[in-house]
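Each of the two chains sits in its own frame; use the hints to bring them together as a complex.
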Amino acid sequence: MIYQVSYVVIGGKHAGTIMNQEERPEVGERVEFAGETFEIIEVLEIIPPRGDFAYLHATCKPVEG
Amino acid sequence: MVSRDLLKQVSIFSGLSDEQLMRIANLCREVTHSKGDIIVREKESSSDLYIIREGTVEVALGTPSMPGPMPIIHLGKGQIFGEVALVDRGLRSATVNAMTDNTVLYAIGRDDFIKLCDEDTHIGYIVMGNIAADLSFKLRHYNLAWR
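Protein chains in written order, with numbering that gives the first Met the number 0: chain W, 0 to 64; chain H, 0 to 146.
It should be emphasised that the hints constitute simulated quantities derived from the structure, not laboratory data.
Note that this is a predicted model, so its numbers are computed, not measured.
Do not take every clue at face value.
[Claimed, not checked] Pairs of lysine to aspartate or glutamate residues, derived as EDC-like cross-links and limited to a Cα-Cα distance of at most 20 Å, are as follows:
no.	chain 1	residue 1	chain 2	residue 2
1	H	K7	H	E82
2	H	K76	H	E29
3	H	K76	W	E63
4	H	K76	W	E21
5	W	K12	W	E41
6	H	K34	H	E53
7	H	K34	W	D51
8	H	K76	W	E35
9	H	K7	W	E21
10	W	K60	W	E41
11	H	K76	W	E22
The shape of chain H in the complex, shown without the other chains (with noise of 0.2 Å):
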């Protein structure tokens, strides 16, 4: 069982009630990923959302210039991957893999996730209003990488 208190750390679930945290715990499944794993392929399709429990993945990008995917950023504890495939039901954006032994996500299936936001609007409310905050931050991230 996922705990509500480490929901709590994460940014997307910031606003939610002890029960409505609970209700997301619920949709929750414990992964566990070793040094080099690739975790989902740029241009496949699934879709999971993943919140990083533990260590540190590595968000790469396909170049047409390039033979491997290039890295764009590294993301760490209470970080999330895979909003975008769950927001516009569109392919991997990115190929995520694991930079460290023992990275330990959390996976909640779109489909179960969308269930639960129709169930209780203001959850939906609530989380997608999150989401959209933390797609403009590693936009706005990815724009001063720029200067």
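The shape of chain W in the complex, shown without the other chains (with noise of 0.2 Å):
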């Protein structure tokens, strides 16, 4: 399964971001993009998956420090 996953960055100016990744995100873990690091504070599915690919979108918020 490929995850298109949506990123979107809340308590900054980050513009967020959509990339193609092999595993699920889950609430908890950290992720890096554009040069930062964020941690995920909530996972939603509002697409069903069409063939070998899965959508979600991912809310999270920049790591201080």
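Pasting the structure below:
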């Protein structure tokens, strides 16, 4: 399964990102994009999977320090 | 030559057979950009659909109150852009620039792609449905960003 994930960032001015990954994101995990580290606080599956693709939305917040 | 296995990792081609993926691969041109390169510019006319093979791009919109384009999203490997102009034949809806060196893209010309869809309507049906789903996914991203 390929996970197409849209990351929305709260508490910051980051534009967010959409990218494909092989692992499903989970709440509490940390993720890096655009040179910054974020903590995932919510994962939503709003669109059902199509073929080999799962579509997820993950809300995250910047990791301080 | 673009590998069909690579195209299998792109959601808009989900549901196509190996033979159909080869027909898509034959349309792809590989282009490489350096960090900061502007790939498409808002309100300009161009007609390619782009698939991100490697790297990250920034999508930005011009606003009346700001001097430069405002970033609205970053797109990474496996994502597409340019699909809006492919669907509606309008001007570019945003400026897209490369955020990383060695940003590798596959470009597909609109006319070539539409011709292929006319020749093989199953490809057209599958890919257009997937593009609609991709646009829906992006719209939902923007909705969630405004919560």
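How the hints compare with the structure:
no.	hint	result
1	H/K7 to H/E82	holds (18 Å)
2	H/K76 to H/E29	holds (14 Å)
3	H/K76 to W/E63	violated (27 Å)
4	H/K76 to W/E21	holds (12 Å)
5	W/K12 to W/E41	holds (18 Å)
6	H/K34 to H/E53	holds (12 Å)
7	H/K34 to W/D51	violated (31 Å)
8	H/K76 to W/E35	holds (17 Å)
9	H/K7 to W/E21	holds (13 Å)
10	W/K60 to W/E41	holds (10 Å)
11	H/K76 to W/E22	holds (14 Å)
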